[in-house]
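Enquirer: Here is how the chains run, residue by residue.
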Amino acid sequence: MIEFFSAIADPAVFATVLRVMTPLLLAALGVLISDRAGVLNIGMEGIMLSGALIGVLVSAATANPFLGLFAALIGGGLLGALMAFFINGLGTQFIITGIALNMAALAATTLGLFLATGDKGMSGALKSGVLPNIDIPLLGGVPILGPLLSGHHMLTYLAILAVPAVAIMLARTPFGLHIRAVGSDPKAAAAAGISRNRVQLYALALSGVLGGAAGAYLSMGYVSWFAQNMTAGRGFIALAAEVMGMGTAWGTFAAAAVLGIAETVAITMQTKGLPNELMQMIPYIVPAVMLTVYAARRQAKARKIS
Amino acid sequence: MAEGPIVSFRGVSKTYPNGTVALTDATFDIRRGSIHAICGENGAGKSTLMKILFGLESPSAGQVLIDGAAVDTATPDFAGKHGIGMVHQHFSLVPILTVTENIILGHEPRSSIFIDRHKARRQVVELTQRFDLAVDPDARTDTLSVAAQQKVEILKALSRDTRLLILDEPTAVLSPPEIEELFNRLRDLCAAGMTILFISHKLHEVRALAETVTVLRAGKVVGTTPLAEVDDTTITRMVMGRDVDVPRRQRQQTDAPVVLELDRVSTRSRDPADRIEDISLTIRADEIVGIAGVDGSGQRGLVGVLSGLMHPAIGSIRLAGADMSRASAPDWRRAGLAYLPADRYARGGTASLSLADNAIAGTDGDKALQWGPFLRRGAIRRRVQQMIADYAVRAGGTGERLDSLSGGNAQKLIAARELAGSPKLLIADQPTRGVDVAAAALLHGRIDLAARNGAAVLLITADLDELLRLADRVLVLFNGKVVADLENHAGLTPAALGPYMLGLETAA
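For the record, the sequence lines run as chains Y and B.
So the first sequence is numbered by the working numbering: it starts at 1 and just counts up by one.
So the second sequence is numbered by the working numbering: it starts at 1 and just counts up by one.
If you're looking for bench data, these hints aren't it; they were derived computationally from the structure.
Where hints are given, some of them may not hold.
Under 7 angstroms between C-beta atoms, here's a sample of chain Y residues computed to sit facing chain B [claimed, not checked]: (1) L90; (2) R172; (3) D185; (4) P186; (5) N197.
Below 27 angstroms or equal to it, Euclidean Cα-Cα: the simulated DSS-like pairs (lysine-lysine) are [unchecked claim]: (6) Y:K187 - B:K81; (7) B:K81 - B:K119; (8) Y:K187 - B:K51; (9) B:K51 - B:K81; (10) B:K424 - B:K367.
Ideal Cβ placement from N, Cα and C applies to all residues, glycine included.
Sequences and hints are given; from them, build the entire structure.
Expert: Structure representation (structure tokens):
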């Protein structure tokens, strides 16, 4: 245990945890907003993947990674809005809509990649930029804390700041209240004059913007290329993180951190000669085990009451 | 401000896209500052009329005049703009929000991009004081009692400079003292200048509260009249179009064998509605035992242990001599339980399935309806058509969805299913809640008939008239305990039950 904590406190390990946690946290917060509004964003994986490609393409075309990020946010938001249009405008079921978006996004990004580079695997031929790390002035010089807290990726800071922002948005703003009302009881919300369609449209668009940020982080955070299916299921892990977070922003943060640690452990173990394939399973086994434990506890609690 | 009627309906009709005619040429006025009742059977068009006035639906023909001027009801925020508030029959409160959040929902006071929470709370506290409706502004709504939730619902309706308050069947969920309390508040509101529109099919309540009544029947206005000028028989005739035959139960045999026996049964639960304590009770064949009590006094726990949904922590239950203390729901069914649940769409039937599917649920293994693994559709249709005819269910066909029926007709279909065969024990939980008078009369007759055919009947109802009409014996539950066990004789009145229901007296 002590070893574990001293390992986490090691700036290099801590940085790795933050690095792998960032896309999960951004995406899971996006899932959270959609879930509270009653339209769980199953399409998060597809939105992330699209955001990753859009970011690289725009960044390469404009030679400006910030424009790439901006385009990824807009693209993600539009895809979220598109889902809302299908679900509420055309009456499709939200889970099917999300699955369809995921499958379409995988095919479309592969096609887009091929059209732009002539390669179906990677976008190495494109000259895309990398979004920068941020050194916090003054703090960077402080011993112990400095190396722990300063010098991380800009989107890592953004993701962490998004936690209180989403929490406050849900608890304290009219929009957040409307999201909770629509997600909990759409009929009662309608009786109070709140349009479910509009609230869910904005919620899914915002969810998409966060998904776009998560995708841009994957393709422009530390690398400067897009690869086919580079999200590799992170959108689904984000769904698990949101469920583990019990529908709150801080809970989602904690769940994303746990999953980040799990993946860090997997990465570290791989370098120590343990079977690669076994270690790669860890990030997927942890949410499965935790969700099972939650479900079992909830059932035990329900039995106790009755 | 204008002096004429606050609202006038002029030839208002509503035909739904599926062809259902809900309202035909409705014309009447609502006088400013009065309490106006709308009376009528289920499906008479009351709800449609209210939805039009609240701006949820637009009329197919005719006009609605507010303060003498024709208005377009189908505009967004119509109700808010004209100061119309509505207390829905099924509460429109979001369970996970606090009282304050529910009341401000849709018109939140803001400071910059945030909700001004202090102002919101102040507004709610002011409302509770101004209208004398005490409720904790910070409580989560789903922790409140039904009566308190209704107060929140009323406060919400009053929170936007309301001048016309619509209440749709507001007393259905309340006990007699709570109803009295509600009526006093409504009279105060009226005295303060509010116009109140009160929808009910309980005549004595209409008479106790309102000055004027408009009677609807089959989508048409039968008449609008001051209540002082008509007697109950006249109104009943207006509502029904015929005299209702009120069945008074006469028990045939008083020494029939004991069917159901509870010996000092208690349950453990956090929820008071599920908690019963030391209940001993016997019901004979051809006996109807009525359970009175304020909502949440342990009725759900009692039904739970008698249907296998819960098990007693202490005590024993015997049905026709067999020990049923640990019996499961299927065991109870096999032993001859028929059950009319209070929530007919959640427990009584499946809203999205057809009438036929609902009517044969639970008959699996019936050779007449099955051929090997297949259902005999023709035989099923014939049997269900017979049920529909026997119980006078108003329905288009056996393939219609259950939720296409009005509440009374759905309940009749469920009763047809449950009372088929000859049940040993019948549990009727709020059998006629929200059901029109004619359907209620039919259901009462069938419950009585089931008892005569040898069933022991447990009747749980908030409708004390129904209780006294049907029950041979009345048990009052309070806090999970039987506080009174009374023979139902001619002298027993709802007023006499009140003190027991409130836990002021015991006579067990």
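Enquirer: Does the structure keep K187 of chain Y and K51 of chain B at a Cα separation of 27 angstroms or less?
Expert: holds (14 angstroms)
Enquirer: Quick check on the hint: R172 of chain Y CB to chain B CB, less than 7 angstroms?
Expert: holds (5 angstroms)
Enquirer: Measure nothing beyond the straight line between the CA atoms of K187 of chain Y and K81 of chain B; if it is 27 angstroms or shorter, mark the hint as holding.
Expert: Holds - the C-alpha atoms of K81 of chain B and K187 of chain Y are around 21 angstroms apart, at most 27 angstroms.
Enquirer: Keeping to a limit of 27 angstroms between CA atoms, is the pair of K424 of chain B and K367 of chain B held or broken?
Expert: This hinted pair holds, its Cα atoms lying about 22 angstroms apart.
Enquirer: Regarding the pair K81 of chain B and K119 of chain B, is the alpha-carbon distance no greater than 27 angstroms?
Expert: The hint holds at about 22 angstroms.
Enquirer: Restraint: P186 of chain Y near chain B, CB-CB cut 7 angstroms. Satisfied or not?
Expert: violated (9 angstroms)
Enquirer: Identify whether the interface hint at L90 of chain Y stands, where standing means a beta carbon of chain B within less than 7 angstroms of its own.
Expert: violated (19 angstroms)
Enquirer: Given N197 of chain Y as an interface hint, is the shortest Cβ-Cβ distance to chain B below 7 angstroms?
Expert: violated (13 angstroms)
Enquirer: Holds or violated: K51 of chain B and K81 of chain B, Cα atoms, limit 27 angstroms.
Expert: Holds - the C-alpha atoms of K81 of chain B and K51 of chain B are around 16 angstroms apart, at most 27 angstroms.
Enquirer: Under the criterion of a CB-CB separation shorter than 7 angstroms, is D185 of chain Y in contact with chain B as hinted?
Expert: holds (5 angstroms)
Checked against the numbered hints above, the structure breaks hints 1, 4, 5 and satisfies the rest.
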